[in-house]
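Trainee: Protein chains in written order, with the numbering used here: chain P, 1 to 180; chain R, 1 to 729; chain L, 1 to 331.
The set of hints was computed from the structure by calculation and includes no laboratory data. No experiment lies behind these values; they were computed from the predicted model shown. Do not take every clue at face value.
[Said to hold, decoys possible] Stretches of chain R that chain P covers, calculated by requiring three or more beta carbons in the stretch to come under 8 Å of a beta carbon on chain P:
id	segment
1	147-161
2	206-216
3	669-675
[Unchecked claim] Covered stretches of chain R (chain P as the covering partner; in silico rule of three or more C-beta atoms under 8 Å from a C-beta of chain P):
id	segment
4	81-93
5	170-176
6	260-271
7	527-533
[Unchecked claim] In the PhoX-like style, the derived pairs of lysine-lysine whose C-alpha atoms are separated by at most 20 Å in a straight line are:
id	chain 1	residue 1	chain 2	residue 2
8	R	362	R	36
9	P	48	R	510
10	P	28	R	36
11	R	135	R	510
12	P	48	R	250
Ideal placement from N, C-alpha and C gives every residue a C-beta, glycine not left out.
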Amino acid sequence: MRTYAMVIDTRTCIGCGDCVVACKNENKVPAGLNRDWVVEATRGEYPKLQTEFRSERCNHCGHATCVTNCPTGASHYWRDTNIVLVAAEKCTGCKACIAACPYDARLLMHPDGYVDKCTFCHHRVEKGQDPACVSGCPTRCMYFGQIDDRDSEVSRLLRERRYKTLMPETGNRPHVYYLL
Amino acid sequence: MNRREFLKVSGALGAAGAMPTLLGGCAARPLPGSGKVSATPTVCNMCFWQCAGTLYQEDGRPWKLVGHPDDPHCAGRLCTRGSAGIGAYLDTDRLRQPLLRVGEDQGQRFKPVSWDEAFDFIARKMEAIGKEHGKDRIALFSHGGGGDHFRRMLQAFGSHAYAHPSFAQCRGPRATAFSLTFGEGVGSPDRTDMANSKCIVLIGSHIGENLHNSQVQTLTQALDRGTTLITVDPRFSVAASKSKHWLPIKPGTDIALLLAWMNVLINEDLYDHDYVARHCVGFEQLVEHVQAFNPEWAYLETGLDPALIRATAREMAAAAPASLIHPGRHTTWYGDDTQRCRAIAILNALLGSWGRPGGFYKQEKVDLPEYPAPKPPKPVGDWKQLVQGDYPLVGTGISNKLLEHSIGEDAFIKGWFVYATNLPMTLPGAHVQIEAAAQSLDLMVVVDTMPAEITGYADVVLPECTYLERYDDLRNKPERTPSLALRMPAFAPSHETKPAWWMAKGIAEKLGLGAYFPWQDYSEVLDWQLQKVGSSLAEMQTLGIKMFPRKTAIYFEEGKPVSFSTPSGKIELYSSILADVGQDPLPKYSPPERPPQGYYHLNYGRAPAHTFARTINNPQLFELMPENAVWVNPAAAAVLGVASGDYVQLENPQGRRSNRVRVRVTERIRPDSIYMVHGFGHTDTRQRLAAGVGADDADLMHNVRIDPVAGSTGMRASFVTLVKTGEVA
Amino acid sequence: MIEEVLVTARYNAKVDPVLGIWTWEIAFYLFMGGMAAGIMLFSAWAVLTRRRETLTFAHDRFALWAPVALSLGMTTLFLDLEYKIHVFRFYTSFEPSSPMSWGAWVLVLIYPLMIVQILSTLRDGYPAMARLLERIPLGGRLLDLCQTRRGMIALSVIPLAVGLGIYTGVLLSAFSARPFWNSAALGPLFLISGLSTAAVIPILAGVQRQERHFFEVADMTLISVELLLIGLLLVSLATGAAQQREALSLVIGGEYTVPFWLWFVLPGLLVPIVFELIALWGGRAFALTAAVLVVYGGFMLRLVMVEIGQVSSWNEYAIQFDPELLQRLVQ
């Protein structure tokens, strides 16, 4: 079982949105639809403030409710990994997966009628490359790799730094980590 | 029942969804990159950083743009706009054909003409101006490398008057100040050695919201290494949010802070004695000058805690010489900008960072020979003296002065070439003057890729192809390591668009000046130049970028004397040149104007998604950020009675109102100020995405403060209030 | 104060600003599913308790309505699919973790059972149709078989029909990502509602007084239970975690307060139960009005549940742009 994770350093993320453009280009995402997006969270009162930027996308959860709820098996795990993909040829467009995602990360609808979302660029992962967003980030704040490999950079980062995931209380076991 | 809104694309495209192809239903979708992929080297032109990259096509369609891994400008990563260059190419609103104005009235009516017709018209008009007034009466406003071809053509004709708005509307004060102090400018890319810095101070510079690629990358590397970042900004910028210390300074009071820092460094004996002794003159005058400006005094002006002022000065000093106060780039703020940049330069000298690791390194570029061509004739008259007499220290054109000298019957300038700069949104508060100039001029030629607002004033509009469709000069910018990068066409020019070099040559030929452009295709020039440095066009078409070894030292060498291009041959803390022309030789502080009751400081800046006004219509970037929003502090919002999502108009004290703009209530801006991203509020309806969206800050600038040294337009001294339009989210 | 905004414009169709994937098509399907289950259950009940004289309609004729209702629901369900040609994919696999997969198979398996249930009383209920069927080879034998096994058929209908009714609720409640739905009360609620809407059909069909009375009383009981279950649902939300309490606020003071109470609970549940009470003392008009309102209420229950559930979410980001602007991209 290969567990892929994305680790994003919020200390150096500047919220520039390059990851969004890189993804749209690489994956030819149709106009008006987004597989990833950037969020800005500000706490405090002027001048005591903290701002955090987060690049968000599908979290390729360990317990992906979109996979468990898919009636046709179109939403599935790729090979022996935790990368969640949609097999367009099996998708009926019932949208149960969209309802099932607590992160609202299923973008639906590709104009052809099937559900689409971040794929962790598995077509690049297959060739040993990082996802397009990770490769495009100008501050290099995004990392990608296998957390089941103790020696990978992502494993090292998670050992050395404080981090969080989005809404872990959903129980979905997300695999996008934000270094604090 | 509350109806949720659906993006109507789902309606438009849902019809397609009802009838999917059977083939699409049975087979898996093809994965990206599984088709026929081709790669073309290019140099990005989405901003002035000019990163080298590669354009990938799949099955004959543009796929993606990726940075060149060897390029010092981008280290393999293009920025948000660079990645969206394909959008500029695919933009359906692009100019397609040369346009000639028809009719004498003000109506913007143009008819498409052939290139030949357009060139004929231009040549005739230029010759008429030459006969009636003089050959030196045509000015060039230019932004970007392509303008150099028009400059050459105009110089060949006899006109040497030109301006890059990026001087007087942007980097002029810092260029002037650093030249006066160190004898050299800062460079583009800036010569900051941030990757090696231990302490970085940003004065208003919002690195991270501007995407000066390698600046963002080296700053990030510094942060990753634990470098101390200190940001001085009235707004909680992205850089401020990553800083150890954020100094939320009152707008317009930066010089007070800088003087106080000098005071601390000098009086607490924290400056670099050795460096100052060896390299600087004017220290004694500086010491005397700053005695009055202690942190307690500065607190009264800036609102900053004196303990914080002291602490940050000490931190800077502790990290010196790897301690740098960033010169910024867009420095045209309040009219005392050259003096503020001088203060920054002086502080860097006190810290000893100029020429030292972690401070400012020495840039070098490739020694590239110029293609042999006749030299243009010497200018007929001294246009600079005539047009810029008040600014003896400025060696380049001041766009706002050129504009002034284009208005009226007796104006010096009779014709304009405008290359790739949208003057109505570039020059602050200048709409009246631009209109007046448009009336007075005998000829206005505008060259652009898009129907920007300035094209509406033109007599002739010449459509340029985008950077993805042309060859251009080799990119050869001074950097850490000299390099040459190739821009070559990935696509044939769309419709009738052409590169600037082709246009300039065509016009020159009509004027009988073809000899000044002794080549047929610009690729010949590139190949010739490349062969002279041991490469060739063919090689560069494969490599994309070629690195060259440095010939000079990157930092000052221990023990070796350094000579500076100043009158004294040293770093001039006290500027004798400024004294000679009657300006303050040491920076002085004067308190800024306060906004009238009910008005707020009008602050503006950049967003990563856009390059000023010119990318708003790029579909990929429009999708990322379709409109700007005016940031309002919650306290101010309560007073104004606005909430996030409301739409308001901004109004300046003269009653000029902006287009409606969305409100964002946020704590990231002070209660006495508002903030917005510049570039929105387009009025030209031919830009179908951008037209009528967001507000234009430049149009509201009623209080433009001219810098007495650089002649630049200080744009942050204006005020606005918010007028509710009644629309709510 | 926390300000969370989207920096980059995101306006994915059907996801932003709130989930908008299912509307009336799904609500109608759930409504019909519940009604079909109710019809089957009442028919089975009438057969099992041998009430042919007192509940003639229910015993002999009611069962035919079940596949009609279900088919209407399945039609709108099909309309909702974005990739309709792939509808067969529901039946090329079975995903045990997906309630929708269970439902897809149940829906298919329930049809044969419905047919035999109809056939088991066809000769009594629809003699003309029975005669037609007898003309087909083996048609008569089939009718005999179903008729004799009437009781067993009725018995086996019960679990499947109960399953169908509850499944329409479980389908929604299984989505942990939608706090408003994520309560076990939803399954029984939809089943009871299905029974209730089925119960008024005989009234609308104009049955004899005795049968009508039975169904009026049954319906009143069912509505009472329904009200109890709705109460339990709200209580479970009120005593849940933060996002459940936030979901509850949508109907207590939030934007769905009026639709939920004024357009559903009042006319769909409270008024009918009162009218049915009055109808007990004569007043057929009241009974008919109540029946119509019950049908309305059954649909409205599904409609508000489907809507409100989608609006309830775990997170929400403010936006800094006008979504209308993105329309310009597709013009």
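Trainee: Tell me if the straight-line CA distance from residue 362 of chain R to residue 36 of chain R falls inside 20 Å.
Mentor: violated (44 Å)
Trainee: Given the hint that residue 135 of chain R pairs with residue 510 of chain R, does the C-alpha gap stay at or below 20 Å?
Mentor: Distance of about 15 Å is within 20 Å: holds.
Trainee: Residue count check for the segment 260-271 of chain R against chain P: does it reach three with CB-CB under 8 Å?
Mentor: violated (count 0)
Trainee: Count the residues of the segment 669-675 of chain R whose CB lies closer than 8 Å to any CB of chain P, then report whether that count reaches three.
Mentor: holds (count 3)
Trainee: Check whether the Cα positions of residue 48 of chain P and residue 510 of chain R lie no farther apart than 20 Å.
Mentor: violated (64 Å)
Trainee: Are 3 or more residues of the segment 170-176 of chain R near chain P, judged by a Cβ distance of less than 8 Å?
Mentor: violated (count 0)
Trainee: Using C-beta distances, would you say chain P covers the segment 527-533 of chain R, given that this needs three or more residues below 8 Å?
Mentor: Violated, because only 0 residues of the segment 527-533 of chain R bring their Cβ atoms closer than 8 Å to Cβ atoms of chain P.
Trainee: Taking a Cβ-Cβ distance under 8 Å as contact, does the segment 206-216 of chain R have three or more residues in contact with chain P?
Mentor: holds (count 5)
Trainee: Does residue 250 of chain R lie within 20 Å of residue 48 of chain P when you go C-alpha to C-alpha?
Mentor: Within the cut-off at roughly 15 Å; holds.
Trainee: If you count the residues of the segment 81-93 of chain R with a beta-carbon closer than 8 Å to a beta-carbon of chain P, do you get 3 or more?
Mentor: holds (count 3)
Trainee: Does residue 36 of chain R sit within 20 Å of residue 28 of chain P, going by the straight-line distance between their CA atoms?
Mentor: Roughly 15 Å separates the two Cα atoms, so the pair holds.
Trainee: Okay, the segment 147-161 of chain R and chain P, do three or more residues pass the C-beta test at under 8 Å?
Mentor: violated (count 0)
Checked against the numbered hints above, the structure violates hints 1, 5, 6, 7, 8, 9; every other hint is satisfied.
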